[in-house]
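Starting from the known structure of chain A, arrange chain B on it as the hints suggest.
Number of protein chains: 2
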Amino acid sequence: MKERPIRKKQNRTQTIRSQREMWKPGNMLYPVPAVMVSCGCPGERPNIITVAWAGTICSDPPMLSISVRKERYSYGLIQDSGEFVVNLVNRGLVFAADFCGVRSGRDVDKFADLKLEPLPSCHVAPPGIAQSPVSLECRVARQIPLGSHDLFLADIVGVSVDGRYLDKNGRFCLNRCGLAAYSHGEYFALGERLGSFGYSVRKDGKPRK
Amino acid sequence: MKERPIRKKQNRTQTIRSQREMWKPGNMLYPVPAVMVSCGCPGERPNIITVAWAGTICSDPPMLSISVRKERYSYGLIQDSGEFVVNLVNRGLVFAADFCGVRSGRDVDKFADLKLEPLPSCHVAPPGIAQSPVSLECRVARQIPLGSHDLFLADIVGVSVDGRYLDKNGRFCLNRCGLAAYSHGEYFALGERLGSFGYSVRKDGKPRK
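Sequence order for the protein chains is A and B. For the first sequence, our numbering assigns the number 1 to the initial residue and increments by one for each residue that follows. For the second sequence, our numbering assigns the number 1 to the initial residue and increments by one for each residue that follows.
All clues stand as given, with none of them false.
Repeated chains share a single entry, so a pair holds when one copy, or any two copies, can fit it.
Only pairs whose alpha carbons sit at most 30 Å apart, straight line, appear in this in silico DSS-like list of lysine-lysine:
1) Lys24 - Lys168
2) Lys115 - Lys203
3) Lys203 - Lys168
4) Lys70 - Lys203
5) Lys70 - Lys115
6) Lys24 - Lys115
Everything labelled a hint here was simulated from the structure, so no lab data went into it. These figures come from a predicted structure and were not determined experimentally.
Excised from the complex, chain A in its bound form:
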């Protein structure tokens, strides 16, 4: 959508549109949480699949969704058991998360190969990953085929956190876990803190401490 050529000394407000390019419709919604989803049926070897299309979908009741391709090994495990665990990824787990995104559980035992410790869950059969700072135990509420991916809507039925990130008041400090984000083919640590929720309307205009 080029309206006029970009001038060297430009008036930003007036020429923003002139720099706009139309693009093929595609997936450009970033950064996202690349999470390690552990799954499996009771009595069988559990597997881990890294899922970048994942997110919260409802606050009350707490629900999240993950999207999984039909041809993935974990697709059948999640469909058959109706359960899975979403494990957040921090700096120390990025290598393992990447590996679990490109290798198949048909060929490798990911827990063993990556020296990840299965963490018994409280409310679902599949184990979480003990090295992850937060594990969300989930039960599938609905499965919706969309095309390349099926969308699994799930209730969060249990949460376990790494107690090392509790402060002295018992508050869980998620942002001290070193969470990683995935954006357009790359993994990043979270960097500079830019503000806190609601800071734009607080009297002092400053982020909360």
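For chain B alone, coordinates are given in the frame of chain A:
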């Protein structure tokens, strides 16, 4: 789930589980992309709502979802028009994104108050935000009530990007836009690059340049 007390000189592998705490089921899936969703019916003043429960749900066809509370002003606008635009948030837009998450379009004209420029869309009626590096034009495919939030599944029907982030080969460099992430009440810039997709199985074990 305390199995045994934490010892001072601990064997990490064996005591990881001992530090685990069970938590009330809740929304702990972070970091997420807090996006500015512009919406509105033709001929009416467009509005912007910041949505943290948003994500890609299908690669082919490209689809995303956003979750919106029924009581929000934008809920009716999206439901009635069946269209919206997801605008990615970078460092320069964090203040505006926060403001659009806590103030209602019933009370304020967010485009005017925040000096945001409406960007005419190509495929839908609501405008995008010209200052955003990426605007995803969306058409609602399905609306699913879940509880506090309704989930809107949408097709991405058009994408416009800020041409300043195209490299000399015409490749769009999303990770040069300064994207922001939202995590557990705080906004962050993306920081250190930890790897690129597939680096864990590449021969040299190194991220792509």
